[in-house]
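Chemist: So you can see what is in the structure, the chains are spelled out below.
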Amino acid sequence: MKHRLLSIAIYALTTGIGIVAFLYPFWLPIVEKTPMMGMAHANDAPLMLTLLVGLCFAVLLLEVQGESISAKFVALLGILVAINSVLRFVDVAIPGPGGFSPIFFLIGLTGYIYGGRFGFLMGSLTLLVSALVTGTVGPWLPYQMFTAGWMGMSAPLCRLPVQVLRGEGKLTEVVVLALFSALWGLLYGVIMNVWFWPFAMGPVERRWEPGIALIETLKRYAGFYLATSLVWDLMRASGNLLITLAFGLPTLRVLRRFKRRFAFDYQP
Amino acid sequence: MLNPITWVIWVGTALVTLSATRNPLYLALILLWISLVLLATRSTSLAPPVPISPLKFGLVVVVLSALFNGLMVHVGSTVLFQLPYTWPLIGGPITLESLAYGALNGLALTGILSAFIAFNQALPVRALVSLTPRAFYPVAVVISIAMTFVPTTLRQFTQIKEAQAVRGHRARGLRDWLPLMLPLLVGGLERALQLAEAMMARGFAGGESDASADKTRLATIAGLLALLGGWLLRLVWEQKMLGGALMLLGLALVGGALWIAGRRVPRSVYRPYGWSVFDGVVIYCAAVAAGVFALSLPGLDKTSIFYYPYPRLAWPDFNPLIGLATVGLLGPVVALLLAGKRTTSKIGNG
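Line by line, the protein sequences give chains R and B.
So that you can map any letter, position 53 of the first sequence is 53 in my numbering, and since no number is skipped, the others follow by simple counting.
Just add 268 to the spot in the second sequence (first one is 1) and you have my numbering.
Bound conformation, chain R alone:
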């Protein structure tokens, strides 16, 4: 019981701090102004943000990987990450339209079938391994890993609407998952933009400034997002939606079949 409570506390705390850190421009009431206009807190805020997000990610990864991780879990995860990384490899070689990438499809579906813990690792490790394979390791990687991990971790939330609609194994299930993937197609862009938005230059109506009210901040961010990212992210969202609708049902059947096949025990 104590073990479980501590685990829940770590999940809640790391996710909460991650959200607070990502969204600080929205709640921070007053931040000191530096002589460089529009570059308020440019000196220590990115460093603090990176430190907090990086540490939260490390702690969450430590908790999610667990101590009694089984060989089945490791082998299944390793192979699925390899398959997804190959899809990213194909995507880098032949880029899809806008922000479309086929990797989100398997992250969502595996998280839904094998659980949030598996989904988190699937999301974050896919981004890591594919970055190693394609040589695209960079400062953006921890944020991408965290965000893709969140997608996989939140995938089991789809189970409730599927249960309510009694749609398991039916088209309803695929539609729920397709909508979830499409939503994350947009959310991925929204989250990835937030961390650098306070430091981006732009017209006043789309720029973050210290001391502005929450409603004004949201309005400005919406303007910034509409102007710079919406079309790009809509491509990702539509791609996720279409790919899940097209491949969802057979892929879910395969993942379920292998879930049953992986339920074996070794008796020494």
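Just so you know, these hints were derived from the structure itself, not from any lab.
Since no wrong hints were added, every one of them can be taken at face value.
Some but not every residue of chain B turned toward chain R, in silico, with C-beta under 7 Å:
1) V410
2) A414
3) F417
4) L422
5) R443
6) M449
7) L450
8) G456
9) A460
10) M467
11) L492
All C-beta atoms, glycine included, are put in the ideal place defined by N, C-alpha and C.
Dock chain B against the given chain R, drawing on the hints supplied.
Modeler: Frame of chain R, contents of chain B only:
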């Protein structure tokens, strides 16, 4: 060969210097040194070339960044031309200053990408995986499996494509990809099953959870709370000293917890990466460069680092000492040259 940690320090220094300045003279120098490192690592690298060359990427990014900033930011005194105010988003004066600032941001981004390409070229994947801390042993195993199976999966994908093509399959629409995707997934999962059986037969298992693990968890929770509290104190209530101290405490608690978790995992390395005098040279040079850009040093005038083209574009100041400090990024080239000479002389001496 340099130790992987040395490369991490070098790439960190490149990031610090590129993030700290928008002075075009310093940026040009930093880019020059990174390009030389890129060339030096390219000649010794066994890794496949990256999908896009840094030069092409740089040209595209600098132009796009300048255009984007020029169209979106209507600040600056040197007006080049005017777009009608009725045009949404981009209407207003297009200034030389905003174009210049966009181009400078593009230069910094190109530098960051080039530094990471050099980093990826210099280190084999095995070295990158070896950087995973001990506490993340299961994750490192997963990464190793995934990295090992990526070429196999690519090969399998090609075989499936050829087999389906022989049957007359052509990938035209989205649904035509299903006969390629599904066999890839099923084949991969079959391999995962075999691998899991083999791993279990060889006794692979994670450790059991014990009381010390719960203590580690408690320390982690306390550390995260301290970090959050310290950060809020610094940002919201301007309590820099108290906030900083609390953040340090949080950092120590989380770091300690990770260290203790790592100690529970025994680690053996078949061929460890050693340290040489060259590592010392690179780290020393990188530390000087990072120190000059990130720390406030007595007697050093750092105002030229903070170049800003608004409101009117002006020629940037240049401090020769700071310019000299950027040479610290050339450490890997010096190390690779010296290491090459040493190898040649050894071969020459028989």
